[in-house]
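A.B. asks: Read off the chains here:
2 protein chains.
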Amino acid sequence: MSETVTIIGLGVMGSALVFPLSKNGVRIRIAGTPFDSEVIDECIRTGRNPKLSRPFPEGISFHQFEDWKDLIPGSDFVIGGISSYGAEWFLEEVMMHIPVEIPVMTVVKGLRVNEDGSLSTWPQYWEKRMAEKGIDRKVYMLGGPGIAQDIIDGEHTVTTISGEDPDVLQMIKDCLETDRLHVSRTHDVTGLQYAVAIKNAYALGPAIAIGLGHRKEAERPTGVNAQAAVFFQAAREMRRILRTVGAESDCISMGLADLFVTVEGGRTRSFGILLGEGLSMEEAKTRLKGITLESISAVRSLYDSISILAAKGFETAYGKVDLAEFPLIEHLYGVLFQGKDAEFPWEKFSFDLS
Amino acid sequence: MSETVTIIGLGVMGSALVFPLSKNGVRIRIAGTPFDSEVIDECIRTGRNPKLSRPFPEGISFHQFEDWKDLIPGSDFVIGGISSYGAEWFLEEVMMHIPVEIPVMTVVKGLRVNEDGSLSTWPQYWEKRMAEKGIDRKVYMLGGPGIAQDIIDGEHTVTTISGEDPDVLQMIKDCLETDRLHVSRTHDVTGLQYAVAIKNAYALGPAIAIGLGHRKEAERPTGVNAQAAVFFQAAREMRRILRTVGAESDCISMGLADLFVTVEGGRTRSFGILLGEGLSMEEAKTRLKGITLESISAVRSLYDSISILAAKGFETAYGKVDLAEFPLIEHLYGVLFQGKDAEFPWEKFSFDLS
Chain A
31 MSETVTIIGL
41 GVMGSALVFP
51 LSKNGVRIRI
61 AGTPFDSEVI
71 DECIRTGRNP
81 KLSRPFPEGI
91 SFHQFEDWKD
101 LIPGSDFVIG
111 GISSYGAEWF
121 LEEVMMHIPV
131 EIPVMTVVKG
141 LRVNEDGSLS
151 TWPQYWEKRM
161 AEKGIDRKVY
171 MLGGPGIAQD
181 IIDGEHTVTT
191 ISGEDPDVLQ
201 MIKDCLETDR
211 LHVSRTHDVT
221 GLQYAVAIKN
231 AYALGPAIAI
241 GLGHRKEAER
251 PTGVNAQAAV
261 FFQAAREMRR
271 ILRTVGAESD
281 CISMGLADLF
291 VTVEGGRTRS
301 FGILLGEGLS
311 MEEAKTRLKG
321 ITLESISAVR
331 SLYDSISILA
341 AKGFETAYGK
351 VDLAEFPLIE
361 HLYGVLFQGK
371 DAEFPWEKFS
381 FDLS
Chain B
31 MSETVTIIGL
41 GVMGSALVFP
51 LSKNGVRIRI
61 AGTPFDSEVI
71 DECIRTGRNP
81 KLSRPFPEGI
91 SFHQFEDWKD
101 LIPGSDFVIG
111 GISSYGAEWF
121 LEEVMMHIPV
131 EIPVMTVVKG
141 LRVNEDGSLS
151 TWPQYWEKRM
161 AEKGIDRKVY
171 MLGGPGIAQD
181 IIDGEHTVTT
191 ISGEDPDVLQ
201 MIKDCLETDR
211 LHVSRTHDVT
221 GLQYAVAIKN
231 AYALGPAIAI
241 GLGHRKEAER
251 PTGVNAQAAV
261 FFQAAREMRR
271 ILRTVGAESD
281 CISMGLADLF
291 VTVEGGRTRS
301 FGILLGEGLS
311 MEEAKTRLKG
321 ITLESISAVR
331 SLYDSISILA
341 AKGFETAYGK
351 VDLAEFPLIE
361 HLYGVLFQGK
371 DAEFPWEKFS
381 FDLS
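Protein sequence lines correspond, in order, to chains A and B. Each residue of the first sequence is one higher than the last, beginning at 31 in our numbering. Each residue of the second sequence is one higher than the last, beginning at 31 in our numbering.
Hints are supplied without guarantee of correctness; some may be wrong.
Remember, identical chains collapse to one label, so a pair may be satisfied in a single copy or spanning two.
To be verified - Below 27 Å or equal to it, Euclidean Cα-Cα: the simulated DSS-like pairs (lysine-lysine) are:
| # | residue 1 | residue 2 |
| --- | --- | --- |
| 1 | K378 | K53 |
| 2 | K53 | K246 |
| 3 | K246 | K81 |
| 4 | K350 | K246 |
| 5 | K203 | K378 |
| 6 | K370 | K163 |
| 7 | K53 | K315 |
| 8 | K158 | K81 |
| 9 | K168 | K203 |
| 10 | K53 | K158 |
Keep in mind the hints are simulated off the structure, nothing from the lab.
Modelling step: build the complete structure from the supplied sequences, incorporating the hints.
C.D. replies: Printed below as a string of structure tokens:
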């Protein structure tokens, strides 16, 4: 392949994409953010990102943040390898300064509560902010049910790129798709973003159920029914939110598979288990020091938004927003921010004749 | 409670319901099927069903099949504790002979292919057959994401009872609901039945992905992305089928949670893992001797029905039935019945701009 890609930010998912890109012969340049300067030094010296389990493939050029602008000319697209904590920074310091004819794709997952209580995805917020400055850029986003480590290890993974221009989507897909990474294309940026963002909140639920099981004198390994009961409630609330924002059916399925994989393994699972065992949010964060926990901001964003919209009597296509229809997110908020015990309000995880 | 329940058939799920019923003080009588006579002898002698990990609670009366009719008068409802392999028998030998004023609820999960290729749930088929004989009975069904062992152990579990009469649903709910078993009510018998039946087919998918991982020289534990990729495709196909039969949103969520719990633990998981490791259906069945595998008939029913309907150009509310939209069920059919290798057609587990 003759394509050239510049990656800015050495987050785990951005770093993982290097492996399929390299397999496809894409030319890769990596610039760290200002917070990555030691990691970049290490990469230049050893070819390794110390956060990853294996060295990068050969032939990649590494650069400090100061040099990032020099990498942009000649790039077919730019990948923002940042988390939601870097989203504002990435907009101001990077994206606004890239010529609009060069597409930008990011791996950010997260939601932002606007002043009126509504939520924005990062692409919605970014595009609005850029439009205010006269920049007409549509952002491309990657999201799907996969942990970075498995992509690095060449496990079969499905993922989706979303955005406006079908040709750009195809170009990015051609760069990323391998015999192990299976890439879908969609125009449903909002639906996909909601799906992959809210699952970070909801995956805490089944993980807490595992932790609750550890409190018991264990006659046998923790049962699966309790996890499934919370998974049911998580799926209900996720589907309610995703239908409200008009998500495509396939993006809803991506979100539910992402819920599954996040319960199966990864940071949110570890965090939820500790909460279920009885640790407070702060204690669990301390125990998992250094790990980015998107789930915390996802719970806060969802809870804040639903509360504000419910208080305003906001109407959706499916009726008035009602916090009572989201008992799981209400409980997760209570556990994280109000010191509530992690034991669930199980009786609320049911429905009655409609 | 003053209610009396008669359970006919000592299947695992029917037996498990004894525990919440007994906790609620419901009077319980159990009759075996003709195939259960040795188990009933054992229950009479020791108070244990040898298939279960713990003895039944005190105060239950056990009876051989010959005596079942004597138990019916005075029963508030009857539970059919049978699997789909006993469904035809239960209709002919039992249900048709129960006075229609006594409600019958069963725990059967499964689908039946009609001659025109369409599928029936067992309640649809039973009710039609009874109507032909002038019997006007609506059947009540129980289904949800829970394994029997966890109900026996008092793990938190959500489940749903479906049927026509709200008062009967409430009476059954009152008998079953405990502080651990959380019972929803729905009129959507068909949606719930499809959900809990087809998950037995689809749960084989992620389980096979686990088994495929065992074939590799394992540098690290099997990744979760491959399971999630198959979970995604399973969720897509399940949602497509469930929307086509008009399933309620909450029943779809029950089905997806049931997919989750069936992948997490139970018979279908063990079977799928063996298939993924490379065993044929017959070899895997031999290895799991004595275990009822609803997944085999679920795959066959779904594949047969989709094939026949597609060949006829059958139209649904969502367009013509097309086998190409069900690559996972096609693959599972190939693995079970055509000797195909278990490695998935991964590239089909994606979608493109709609």
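A.B. asks: It remains to establish, for every hint, whether it holds in the given structure.
C.D. replies: A quick look at each hint next to the structure:
In this assembly of identical chains, the alpha carbons of K378 and K53 lie at most 27 Å apart only when taken from different copies (21 Å versus 49 Å within one copy). In this homomeric assembly, K53 and K246 come within 27 Å of each other (Cα to Cα) only across copies, at 20 Å, whereas the closest approach inside a single copy is 48 Å. Proximity of K246 and K81 under a CA criterion of 27 Å is satisfied inter-copy only: 25 Å between copies versus 35 Å inside one chain copy. Taking identical chains as interchangeable, the C-alpha atoms of K350 and K246 are never at most 27 Å apart, the minima being 40 Å within one chain and 52 Å between chains.
Taking CA atoms no more than 27 Å apart as the test, K203 paired with K378 passes between copies only; the shortest distance there is 15 Å, against 42 Å inside one copy. In this assembly of identical chains, K370 and K163 lie within 27 Å of each other by CA distance neither inside one copy nor across copies; the values are 44 Å within and 58 Å between. For the identical chains of this complex, K53 and K315 are neighbours neither inside a copy (36 Å) nor across copies (40 Å), given an alpha-carbon limit of 27 Å. For the homomeric pair K158 and K81, neither the shortest alpha-carbon distance inside one copy (34 Å) nor that between copies (62 Å) is at most 27 Å.
Taking CA atoms no more than 27 Å apart as the test, K168 paired with K203 passes inside one copy only; the shortest distance there is 17 Å, against 52 Å between copies. Taking CA atoms no more than 27 Å apart as the test, K53 paired with K158 passes in neither setting, with 36 Å inside one copy and 58 Å between copies.
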